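**Q** From first to last, the protein sequence lines stand for chains A and B.
Numbering-wise (this note's numbering), the first sequence opens with residue 1 and increments by one.
Numbering-wise (this note's numbering), the second sequence opens with residue 1 and increments by one.
Possibly wrong hints are sitting among the right ones.
As the list claims (entries may be wrong) - Residues from chain A that face chain B, not an exhaustive set, calculated with beta carbons under 10 Å:
#1 12
#2 70
#3 94
#4 101
#5 108
#6 267
#7 299
#8 303
Unchecked claim - Listed next, the in silico DSS-like pairs over lysine-lysine satisfying Cα-Cα at most 25 Å (straight line):
#9 107(A) - 12(A)
#10 103(B) - 313(A)
#11 219(B) - 166(B)
#12 101(B) - 281(A)
#13 249(B) - 288(B)
#14 103(B) - 321(A)
#15 288(A) - 313(A)
#16 105(A) - 281(B)
#17 63(B) - 2(B)
#18 267(B) - 84(A)
#19 321(B) - 349(B)
#20 281(B) - 103(A)
#21 292(B) - 105(A)
#22 103(B) - 286(A)
#23 292(B) - 321(A)
#24 103(B) - 84(B)
To be verified - Over 10 Å on every C-beta distance to chain B, these chain A residues come out as not near it, computed from the model:
#25 2
#26 39
#27 63
Source of the hints: derived by calculation from the structure; they are not laboratory data.
All figures in this text were calculated on a predicted structure; none of them were measured in a lab.
Ideal placement from N, C-alpha and C gives every residue a C-beta, glycine not left out.
Each chain, written out:
2 protein chains.
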Amino acid sequence: MKLSCTQENLNKGLNIIGRLARPQATLPVLSNILLKTENGRLKLSATDLEIGANCYIGAKIEKNGAVTIPAKLLIEYVSMSEDKRINLSVSFNVLSLESDKGKAKIKGIDASEFPLIPEIKEKPLISLPANQLREAITQVSIAPSLDETKPALCGICLKLSDKQVKLVATDSFRLAEKIIYLDKEVENKEIIVPARTLIEVSRIVSLIHPASISIIVSKNQVLFIMDEVQIVSRIIEGSFPDYEPIIPKETETVAIIETTAFQNTLKIANLFARETGSNIKLELNKDKIIVKAVSALLGENISNTQAEISGPKVEITFNAKFLLDALAVIPSMKVSLGVSGRLNPGLIKPVGQKGYTYLIMPLQTE
Amino acid sequence: MKLSCTQENLNKGLNIIGRLARPQATLPVLSNILLKTENGRLKLSATDLEIGANCYIGAKIEKNGAVTIPAKLLIEYVSMSEDKRINLSVSFNVLSLESDKGKAKIKGIDASEFPLIPEIKEKPLISLPANQLREAITQVSIAPSLDETKPALCGICLKLSDKQVKLVATDSFRLAEKIIYLDKEVENKEIIVPARTLIEVSRIVSLIHPASISIIVSKNQVLFIMDEVQIVSRIIEGSFPDYEPIIPKETETVAIIETTAFQNTLKIANLFARETGSNIKLELNKDKIIVKAVSALLGENISNTQAEISGPKVEITFNAKFLLDALAVIPSMKVSLGVSGRLNPGLIKPVGQKGYTYLIMPLQTE
Numbered sequence: 001m002k003l004s005c006t007q008e009n010l011n012k013g014l015n016i017i018g019r020l021a022r023p024q025a026t027l028p029v030l031s032n033i034l035l036k037t038e039n040g041r042l043k044l045s046a047t048d049l050e051i052g053a054n055c056y057i058g059a060k061i062e063k064n065g066a067v068t069i070p071a072k073l074l075i076e077y078v079s080m081s082e083d084k085r086i087n088l089s090v091s092f093n094v095l096s097l098e099s100d101k102g103k104a105k106i107k108g109i110d111a112s113e114f115p116l117i118p119e120i121k122e123k124p125l126i127s128l129p130a131n132q133l134r135e136a137i138t139q140v141s142i143a144p145s146l147d148e149t150k151p152a153l154c155g156i157c158l159k160l161s162d163k164q165v166k167l168v169a170t171d172s173f174r175l176a177e178k179i180i181y182l183d184k185e186v187e188n189k190e191i192i193v194p195a196r197t198l199i200e201v202s203r204i205v206s207l208i209h210p211a212s213i214s215i216i217v218s219k220n221q222v223l224f225i226m227d228e229v230q231i232v233s234r235i236i237e238g239s240f241p242d243y244e245p246i247i248p249k250e251t252e253t254v255a256i257i258e259t260t261a262f263q264n265t266l267k268i269a270n271l272f273a274r275e276t277g278s279n280i281k282l283e284l285n286k287d288k289i290i291v292k293a294v295s296a297l298l299g300e301n302i303s304n305t306q307a308e309i310s311g312p313k314v315e316i317t318f319n320a321k322f323l324l325d326a327l328a329v330i331p332s333m334k335v336s337l338g339v340s341g342r343l344n345p346g347l348i349k350p351v352g353q354k355g356y357t358y359l360i361m362p363l364q365t366e
Numbered sequence: 001m002k003l004s005c006t007q008e009n010l011n012k013g014l015n016i017i018g019r020l021a022r023p024q025a026t027l028p029v030l031s032n033i034l035l036k037t038e039n040g041r042l043k044l045s046a047t048d049l050e051i052g053a054n055c056y057i058g059a060k061i062e063k064n065g066a067v068t069i070p071a072k073l074l075i076e077y078v079s080m081s082e083d084k085r086i087n088l089s090v091s092f093n094v095l096s097l098e099s100d101k102g103k104a105k106i107k108g109i110d111a112s113e114f115p116l117i118p119e120i121k122e123k124p125l126i127s128l129p130a131n132q133l134r135e136a137i138t139q140v141s142i143a144p145s146l147d148e149t150k151p152a153l154c155g156i157c158l159k160l161s162d163k164q165v166k167l168v169a170t171d172s173f174r175l176a177e178k179i180i181y182l183d184k185e186v187e188n189k190e191i192i193v194p195a196r197t198l199i200e201v202s203r204i205v206s207l208i209h210p211a212s213i214s215i216i217v218s219k220n221q222v223l224f225i226m227d228e229v230q231i232v233s234r235i236i237e238g239s240f241p242d243y244e245p246i247i248p249k250e251t252e253t254v255a256i257i258e259t260t261a262f263q264n265t266l267k268i269a270n271l272f273a274r275e276t277g278s279n280i281k282l283e284l285n286k287d288k289i290i291v292k293a294v295s296a297l298l299g300e301n302i303s304n305t306q307a308e309i310s311g312p313k314v315e316i317t318f319n320a321k322f323l324l325d326a327l328a329v330i331p332s333m334k335v336s337l338g339v340s341g342r343l344n345p346g347l348i349k350p351v352g353q354k355g356y357t358y359l360i361m362p363l364q365t366e
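Could you build all of it, start to finish, from the sequences and the hints given here?
**A** Set out below in structure tokens:
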């Protein structure tokens, strides 16, 4: 392999895909990045066996070839390089990088040892506006389970039907659903994607700002294409719970609250509640929400937030952290909190924006 | 105890001293902050038994008293409070904090269990411009030893004589000395202060920007007074090595180098050297310094930096990290590196600023 490229392009490409290479991977080649010439460009690849990423960058190629190089050293070296252009060449799996200011040799591992990142040849299922998908991922990725014994709950469900794409996640204590509205019909389809994969997609959107994201689905794999970057991931087998019936259509009591003020009140209450399961009691009554937290060890806190409340007075106990998770991803100035008595789930929605629903189960105390 | 004070003052005071209270201290009261009324003000105190800190804040006191309260919870609670004024009262070692938005009760420990922070009644030894002392601490605190079996080397020596205060630290591999020049004679005195204490003093200077710092020395303790804040610390017993004879008056070869360019070259070289003791070889010759780093595992790097060099060509091996430590605290655009053959110590000094000297022992390779 022999080629030259700009420091800027190489640095950007390495930063996009480099995070998937794990410095302490059991299989040493997984700590490496694959550099490979392909159709007149340089392809950079990294994988952790669950997620694979490719990024293509422009390069002046003199001789085709491939090699894998330790990600950490290569990324740091290229990021610190002050040269505009870097010349790369490979001989016996050693990568030489030369520029005006100096030269480096980095020992690599043969490209044949690098795991194959699956190629997916199917037709794109859908193309979505990148910013909308990114917002949906942020709003939904607070809810998946971390319990790997329930694999379907560790993922985010992508549900295509009619003129909608729904993203849904739940750990069975709370559920987040975001609807992306489309202007044309889509094929019915449901897949569960590891939450990590979508968070990686979201991270890459924030780095390269593509206009749209194409999604291609094969039997076991899903491919996200964002301009010159591809993310390939396994699909989680199993079926996602039939959650729609548990989302109440309406609730008896509804409070409209300023998002930031509610956040601050909950954060203060959680200082007292966090060491005992984040249990806090909310009293919705007339024109305010009173938040109470009691800790046998630390002390107690009572504070209140103004709210516009309709419906009967109610006292209900929630996990403060779960409420805060939702408020952190809702961009609207106001939110609504709907509850029906102290035993039924609560609903949080942004005010003035449709498409997002966060359902939270109450804690049964006393 | 019953008093009221502004959220701003209480928050600032807690942040100044709070870092000394350790959340996981073996003695629970050391995780707490002492609140005590004193001469019409509120005194906040924290200690880790080696360093103690007091901070006085203005308060409207209705009833004198004292209590100790868990630092972490109190600091977070006050920092999140959105009220201008907070009312504090204590009953049975429980602190009540009341304001318009709500109230909290925090369980504390009796003030009598809080360790006494020594009071020092001696006359001030010296008063120094705070910014100059802060810069000196930054430049010298890179060099103390972490090896607690050599206590004198874990401290920074403050040496007063003639019209100078010298701060010196060494771990026997490198030594940093900073001279603060005064306009009048001072009493001869030498004390060794734990590096941590001076770093804490420097941190407080950056928070409250006092004009000057008074230093008071008793038999075993030293007190730093910065406006309303006091830091009390033990003095390290033992004598500091007689280092002055080992600092060469001049060196055979002197290189003048741009600080940032030299830093970048060393950082790149250290990517290859850091896993094998940060050994790098410098060749000073004519108009450049060539830096070489070789790692059997990773590969190698050769790069160069322009320099104005006088004296004979020389090759010398240094610890790249130790060189970088010095360059990080030298604010001048250019630095001088002086060496006399490959076996004698090197000297780094800022160009155009007197008072700072960094001595670094070469590594003997081959």
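**Q** All hints are to be evaluated individually against the structure, with a verdict given for each.
**A** Against the structure, the hints:
no.: 1; hint: 12; in the structure: 19 Å, violated
no.: 2; hint: 70; in the structure: 7 Å, holds
no.: 3; hint: 94; in the structure: 7 Å, holds
no.: 4; hint: 101; in the structure: 5 Å, holds
no.: 5; hint: 108; in the structure: 9 Å, holds
no.: 6; hint: 267; in the structure: 6 Å, holds
no.: 7; hint: 299; in the structure: 4 Å, holds
no.: 8; hint: 303; in the structure: 3 Å, holds
no.: 9; hint: 107(A) - 12(A); in the structure: 22 Å, holds
no.: 10; hint: 103(B) - 313(A); in the structure: 22 Å, holds
no.: 11; hint: 219(B) - 166(B); in the structure: 20 Å, holds
no.: 12; hint: 101(B) - 281(A); in the structure: 16 Å, holds
no.: 13; hint: 249(B) - 288(B); in the structure: 24 Å, holds
no.: 14; hint: 103(B) - 321(A); in the structure: 21 Å, holds
no.: 15; hint: 288(A) - 313(A); in the structure: 10 Å, holds
no.: 16; hint: 105(A) - 281(B); in the structure: 16 Å, holds
no.: 17; hint: 63(B) - 2(B); in the structure: 5 Å, holds
no.: 18; hint: 267(B) - 84(A); in the structure: 18 Å, holds
no.: 19; hint: 321(B) - 349(B); in the structure: 17 Å, holds
no.: 20; hint: 281(B) - 103(A); in the structure: 15 Å, holds
no.: 21; hint: 292(B) - 105(A); in the structure: 12 Å, holds
no.: 22; hint: 103(B) - 286(A); in the structure: 20 Å, holds
no.: 23; hint: 292(B) - 321(A); in the structure: 52 Å, violated
no.: 24; hint: 103(B) - 84(B); in the structure: 14 Å, holds
no.: 25; hint: 2; in the structure: 18 Å, holds
no.: 26; hint: 39; in the structure: 29 Å, holds
no.: 27; hint: 63; in the structure: 20 Å, holds
Figure legend: structure checked against the earlier numbered hints; hints not met, in rising order: 1, 23.
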